[in-house]
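*Asks:* Each chain is listed here by its residues.
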Amino acid sequence: MAVYKRGYQRYQGPIAGRWTRFMVLPRFAWKRLFQQRLIILLMVVAFIWPLLCAIFIYISNNSDLLKGFGPQFRDFIAVNGRFFLVFMNAQAFFAVFLGAMSGPGLIAPDVANNALLLYFSRPISRADYSLARLTTLFGMLSLITWVPGLLLFAMQAGMAEDPWLTEHWKIAPAIVAGFAVWILLVSMVALAGSAYARLRVVAGGIVLGFFFILSGASVMINGVFRSDWGWLLNPAWSTQTLWRALLGLDPQPGPGVAACALSLAIMILFLAFVLERKLRPVEVVS
Amino acid sequence: MADTVVELEGLKVKLGRREILRGISCRLGVSGVGKAFGLLGPNGAGKSTLILTLLGFHKPLAGRISVLGFDCRTRLNEVRAHVGYMPETDSFIANLSAVSFLRLMGELSGLPGKIALEKAHEALFHVGLGEARYRELSTYSLGMKQMAKLAQAIIHGPELLILDEPTNGLDPSARRRMLRLITEMKEKQGMNVLLCSHLLRDVEQVCDEVVIMKDGMIVHKCNLEEERRSNKCFVELEVSGNDAGLRGALPAIGAEGVSEGNGRWRIVLPPSVQLQTLWELLGAQNLLVRKLTHRRDTLEEIFLKAMGHIAHTPGESAHTSVQPV
Chain A
1 MAVYKRGYQR YQGPIAGRWT RFMVLPRFAW KRLFQQRLII LLMVVAFIWP LLCAIFIYIS
61 NNSDLLKGFG PQFRDFIAVN GRFFLVFMNA QAFFAVFLGA MSGPGLIAPD VANNALLLYF
121 SRPISRADYS LARLTTLFGM LSLITWVPGL LLFAMQAGMA EDPWLTEHWK IAPAIVAGFA
181 VWILLVSMVA LAGSAYARLR VVAGGIVLGF FFILSGASVM INGVFRSDWG WLLNPAWSTQ
241 TLWRALLGLD PQPGPGVAAC ALSLAIMILF LAFVLERKLR PVEVVS
Chain B
1001 MADTVVELEG LKVKLGRREI LRGISCRLGV SGVGKAFGLL GPNGAGKSTL ILTLLGFHKP
1061 LAGRISVLGF DCRTRLNEVR AHVGYMPETD SFIANLSAVS FLRLMGELSG LPGKIALEKA
1121 HEALFHVGLG EARYRELSTY SLGMKQMAKL AQAIIHGPEL LILDEPTNGL DPSARRRMLR
1181 LITEMKEKQG MNVLLCSHLL RDVEQVCDEV VIMKDGMIVH KCNLEEERRS NKCFVELEVS
1241 GNDAGLRGAL PAIGAEGVSE GNGRWRIVLP PSVQLQTLWE LLGAQNLLVR KLTHRRDTLE
1301 EIFLKAMGHI AHTPGESAHT SVQPV
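Chains as they are written, first to last, in the working numbering: chain A, 1 to 286; chain B, 1001 to 1325.
Incorrect hints may appear among the rest.
SDA-like cross-link-like pairs, simulated, lysine to any residue; straight-line CA separation at most 20 Å [what the hints assert, rightly or not]:
id: 1; chain 1: B; residue 1: Lys1145; chain 2: A; residue 2: Val111
id: 2; chain 1: A; residue 1: Lys31; chain 2: B; residue 2: Lys1291
id: 3; chain 1: A; residue 1: Lys5; chain 2: B; residue 2: Glu1131
Just so you know, the hints here were simulated from the structure itself, not pulled from any lab data.
Note that the structure is a prediction, hence the values are computed from the model and not measured.
Given only the sequences and the hints, what does the whole structure look like? Please build it.
*Replies:* Following this line, the structure appears as structure tokens:
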């Protein structure tokens, strides 16, 4: 029977479980995000570098193409931790831009249009909502970070001669863990900015500002105090130190891995605090 | 055993340093029986705070609060799964069509995707937005947004529907439609409705029971159905002349009244007494009638009494004082 003839009847059937309900928000958000041309364009651009890396892996493993080059050159183009660090740096840059474009649209419109009241009057807690939004960004950013990273690793493992995998297996978990930290940071900045600013444009500006302004501030502090500790204010620098440690590369001069990890943890906790304060269905004026 | 729809026991809620709800206790309705409860009170009485506490948005300072037998502190998800809420404020999700919006709300309430889509169409046709269901919500008029808010509140077939000022900003025909829909919810769908409004006429038209709040306390609770059944006629009268004998004369025709001074009276006539009898009595008392209005509703009287604007409702003992319930 046609819907308009049937009339409204109360639903009294079974109710979906918690995780099915939880995944509704990311599912709807992904659908909306992938309808935006700019986001599709940015994602396509973000795949160019992994594609170049794949070509590089193919060339470096093709002995016919490398005939005539000396061992020094072969060492230079070897696929190792350094290669994957360069790959990760490039993709991290795209992740910031993608986070700045897709993150603000996740919370800011809900706050501006009082939609939080509608969400939280359903069996969804604030933690569920925040985690669902985080899952949305985590999924989006994963597509351009650790997923192509692991594919490149698998490609290299498949093409390289035997001892490569046993010598470099730690790169795979390093790619996943390293990008997980970066995605978490970018997502938290995007979500906290989105909850704080209410306007998408401003929230996007906050995301970019967070990374670029803090980077500039860290250089300034180092210059004024003639110290290296200002780097801890720079999330990109701290992450870089963490990645180097995970990939087994030489550390860069400055604060150690523990200090950088602590600095990143404090930043993430601060952003979680901002999110907690701003994600309220009703504001209480005391 | 059927559960009480809303049960409050010594509920206290403090927002900041201000105590908004000051130890209120009340039991409303039985689940499965479609009844509507009106929540009345002036601004700042604590109506919205009570609703938001029922939904778990405010934590109680003390006391017990349960909805449909589920404790609002410990089993909030169950409470929210069985409640549909229509907020007073303009609330919607940007860049979504009404169908997508309702589908999202339905799925968040636990409806399977396909059923949520079906129910979204059903609910939108039901509230009269069938033709506009593919339009973005941001393009809706205020009245349409109110209807969309009602649709999202009923999509999952809740047992309790909480409506906060549902007729706000509606033109007379949309208001009538909204009230008709609310009546249908309780009568045809068996939903319990908690209606928060400052419009007495709306509450009187839809509700079976009324709770009146003032300064964070429940000051009156009454059953409107019983009041309606008594079918009393309330008369507001303004006379000139010596009306000293009127109070004594009214019981002779079976009526009761209270004088408000300056020739103004509030009189209650039982169903057996016609208005003509009152006219004749006034004539016999040599009183010149300057104004006479009569109506069957009672809520305004009850509300004014609860607010302390009149000493007592005509027709009840003058010794009864307003006591917090």
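*Asks:* Is the hinted pair Lys5 (chain A) and Glu1131 (chain B) satisfied, with a Cα-Cα distance of at most 20 Å?
*Replies:* 14 Å, holds
*Asks:* Within a Cα-Cα threshold of 20 Å, do Lys31 (chain A) and Lys1291 (chain B) meet the stated pairing?
*Replies:* Cα-Cα ~65 Å, so violated.
*Asks:* Taking 20 Å as the top limit, are the C-alpha atoms of Lys1145 (chain B) and Val111 (chain A) close enough?
*Replies:* 17 Å, holds
Hint 2 from the earlier list is the only one contradicted by this structure; the remaining hints agree with it.
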